[in-house]
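Student: Respectively, the protein sequence lines represent chains A and B. Position 49 of the first sequence, counting from 1, maps to 49 under my numbering, and the rest follow consecutively. Position 112 of the second sequence, counting from 1, maps to 1112 under my numbering, and the rest follow consecutively.
Because the hints were derived from the structure by calculation, they are not lab data. Quantities reported herein were computed from a predicted structural model and do not represent experimental measurements. Just to be clear, a hint being listed does not mean it is correct.
Unchecked claim - Some chain B residues flagged as far from chain A (calculated, every beta-carbon gap over 10 Å):
1) L1015
2) L1025
3) K1062
4) I1065
5) S1132
As the list claims (entries may be wrong) - Below, a list of computed lysine to aspartate or glutamate pairs in the DMTMM-like style, where the Cα atoms sit at most 20 Å apart:
6) A:K427 <-> A:D539
7) A:K758 <-> B:E1135
8) A:K758 <-> B:E1066
9) A:K156 <-> A:D543
10) A:K156 <-> A:E394
11) A:K99 <-> A:D345
Even for Gly, the Cβ is constructed at its ideal location relative to N, Cα and C.
Residue strings, one per chain:
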Amino acid sequence: MLILVFSGFLAALIAPWIHRLIPRFSGWFLAAVPLALFCLFAVNVGSIAGGEISRASFPWAPSLGVALSLYLDGLSLLFSLLILGTGTLVLVYSSGYLKGHHHLGRFYSFILLFMSSMLGLVLADNMLTLFVFWELTSLSSYLLIGFEHGRSAARKGALQALLVTGTGGLALLVGLLLMGMVGGSMELSELLNQGELIRSHQLYLPILLLILAGAFTKSAQFPFHFWLPSAMEAPAPVSAYLHSATMVKAGIYLLARLSPIMGGTDAWFALLVSAGGVTMLAGAILSVLQKDLKLILAYATVSSLGMLTLLLGLHTDLGVQAAMVFLLVHALYKGTLFLVAGIVDHDTGTRNVDLLGGLYKGMPVIAAAAVMAALSMAGLPPLFGFVGKELLYEAQLQSPQVPLIIIGAGVTANILIVAAAAMLVIKPFFGPLQHKEQESHPPAVSLWLGPLLLAVLGLAFGMAPGAVARLIISPAVSAVRGEPVLTELALWHGVNPIFLLGVVTVLCGALVYMGRTLLHRGAIRWKMVGDWGPARWYDLSLDGMLRTADFQTRFLQSGYLRYYLMTVLAAAFMLVIYTLAGKAGITGVTAWPSAYFHEWVIAVMILMAAVVAATSDSRLATVAALGVVGYGVALIYILFGAPDLAMTQFSIETLSIILFVLVLYRLPRFSILSGKVARTRDILVALANGSVMTLLVLTATSEPVHSRISRFLAENALVQAHGLNVVNVILVDFRALDTLGEITVLAVASLGVYALLKGRSTGEKK
Amino acid sequence: MIRSLILRAAVRILLPLLLLFSLFLLLRGHNEPGGGFVGGLVAAAGFALYALAHGAGTARRKLHIEPHTIIAAGLATAVASGCLALFVGLPFMTGLWYGEGLPVVGKVGTPFLFDAGVYLVVMGMALLIIFSLMEEE
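Working from the sequences, and respecting the hints, build out all of it.
Tutor: Put into structure tokens, the structure is as follows:
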């Protein structure tokens, strides 16, 4: 199973290369990867339906309890098939849709990356594994939405999606970790038995809120729904794949996966049903107010995601059954419609429903697919959507609490969705022909294959819902409920209240469709309110953050070297004093050290040189005096048995004098620029730091060192690291990671110096 | 650039000597005072001296390789020396030793490779700054 997931990543890695090799057939070729995976998973349908669960585990970071463990049950199988099946079709479709695009190879790579991440997400057993894949889907979605990175709207949409889902992802991580702590395991399969414990724990509510934050941002629940319409800047196949069929369902998947553990409480019901309900209504209302094909679809998707959340919130057998069926229904028809919208846009150059008309003549196959999908969306027999909607109403009617409100909201949302479905298809395809130049040529096979297949599946599943229920839906429902639940579906239940509700829905939907011009007029007024929606808050907070950063940078980064130095020195001063006074205690000079005469000579020499450096009015003399200080220190190193340090110090001193001279060469004549106050301040800073360093050294040396570390290093240098020079062994072996960090800093710093010098000289030339 | 015949004549001998000395420091660092850091500084000092005598442009040509390439090579060497252990299934940066050692070079192991990386980074860094400053004029 692990290999299956990673083969997708591998394919993502080599996709650009394959595309360069065989540019004409790369899409078809790469589509073979998800297709093969699809078949491999499909083989398991029988055994999973029989109640089997297959798992695979691979230790990843055992010391942290993180394992790369995967788990295939009914729920993951349903999602896997959805991901891989749609993935195959979308890849084929992209090869036609983005034909000749110069970044097509990169596109394949991104989409395969996303597909594998999504697959990993739904198969993950370990919660950290799940989180890693979760974030990977956010990242690849960012890349895909921003694929047309030349357009600022695409970049903005991508960033918005990343920030919203990323923030939710962080909340999710905390929630998962807390849950792992409470439940005593990071494996979901083990936590399934800990549901009672977790639900009664005092941390239950925080955990639930954090996890819901993750799921709601990912699945675009109100008030986080706004990123999804902005994400429509992505190319059509991406919208079809990520933003209707798979990625946005990740949140739904998580809710379904966790419902045996977290579900069934009052908080669960209240949060999911209210958020889901509001999203369902808001999405449906916003959907019929749009004129852009993709935006209509986007808001309809928001509405459907709300419906799914609501159904899972009910936490009844019927609710879960309806959710699983609707999930499949939605993926089939929404995928089709997004792909069709892409073709229409591709062909006519517009997605505005007002400007489109009479398209069925040019593309009868596409029109057929669109009609089937729209009928499924509207929930008309004999399509699978009809089965879904019947179940949906039934589940809502039998809600344990407030069934009337829920069914009311459900019917209202569905009425609007019916109208939206009509808007998508009737006028663009069968309305009066708008412009002569819209007369289109039939699209290529790669373009119509995907939508047609998805639409036909919607029809086929509607005709034979029994088999689908037995093989795919039942195992998924059982997995979500945590016990075997038999799901039976049938197309025709006879004339009963639910069927009548469906009829009412369709009729009202038709009415809404008739009155759509009125609606759109109202929409202009609604825009005023819409301007203050969550998207506006997102913009405001982003602006605020940037402004704060700007202010802070201006405040801290004055651009004057002296202020930087002072900040650094003052901080060091405070911290050292605080630590010394608070913890170590300040010790004065306990005894004057007995030193030899030559040691005194060196000390006095250093002191004198320091005085000269501070008072001289010749730069060269100052540099030379500093050099004397440095060499003096190096001499002390030699006297006290640190030849390595001494050698390095000598070389450093020499090189820095060369550097100084090179710089001095260019400076203007020496003159005293600072006033009395500034000089006094500088003296104070210098004195304060000098004395604190003295204190520090005195304190450090006043106690004899009983370090086990230095003894360990001295004893093991030869035995373990085969070296006699302990200093060097520490540098290149025991603490080599530190050294690696240091040389990296050196490299970066020198690049900075280089950039400053070169940047200035080219700037002057201009 | 300093037009001094004495300096130029001296540099001709001093540069190879300093380079040899820097290598010597690098190699002996494992058992006796020395090491990649000081070795790199000495090598840089050699080229700095050459640049003082002949100008930065000539010194650059003498060096053949751009200083930033040296830095990159050094960092890559250091990281690679750490990664070698990964292939044997040991944690990153575990020291690996090969056999009983060779004449002159001494024991061969990844820490030595790491030290060579340090040598290159330090040398490249010092030269990058010195050359850039000299070429400013």
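Student: Would you mind confirming whether the straight-line C-alpha gap from K427 (chain A) to D539 (chain A) stays at or under 20 Å?
Tutor: 35 Å, violated
Student: Quick one: work out the minimum CB distance from S1132 (chain B) to chain A and report holds if it exceeds 10 Å, violated otherwise.
Tutor: 4 Å, violated
Student: Was K1062 (chain B) rightly flagged as not at the interface, with every chain A Cβ beyond 10 Å?
Tutor: 17 Å, holds
Student: Decide, holds or violated, for the assertion that all CB atoms of chain A are farther than 10 Å from the CB of L1015 (chain B).
Tutor: 15 Å, holds
Student: Would you mind confirming whether the straight-line C-alpha gap from K156 (chain A) to E394 (chain A) stays at or under 20 Å?
Tutor: 41 Å, violated
Student: Please work out if K758 (chain A) and E1135 (chain B) have their alpha carbons no farther apart than 20 Å.
Tutor: Judged against 20 Å, a Cα distance of about 9 Å means the pair holds.
Student: Hey, K99 (chain A) versus D345 (chain A), does the alpha-carbon distance stay inside 20 Å?
Tutor: Holds: K99 (chain A) and D345 (chain A) sit about 14 Å apart, inside 20 Å.
Student: In terms of Cβ atoms, is chain A entirely out of 10 Å range of I1065 (chain B)?
Tutor: I1065 (chain B) clear of chain A: closest Cβ-Cβ about 15 Å, beyond 10 Å.
Student: Using Cβ atoms and 10 Å as the threshold, tell me whether L1025 (chain B) really stays out of contact range of chain A.
Tutor: At about 8 Å from chain A, L1025 (chain B) fails to clear the 10 Å cut-off, so the statement is violated.
Student: When you check the alpha-carbon spacing of K156 (chain A) and D543 (chain A), does it fall within 20 Å?
Tutor: 13 Å, holds
Student: Does the structure keep K758 (chain A) and E1066 (chain B) at a Cα separation of 20 Å or less?
Tutor: 15 Å, holds
When each numbered hint is compared with the structure, violations occur for hints 2, 5, 6, 10.
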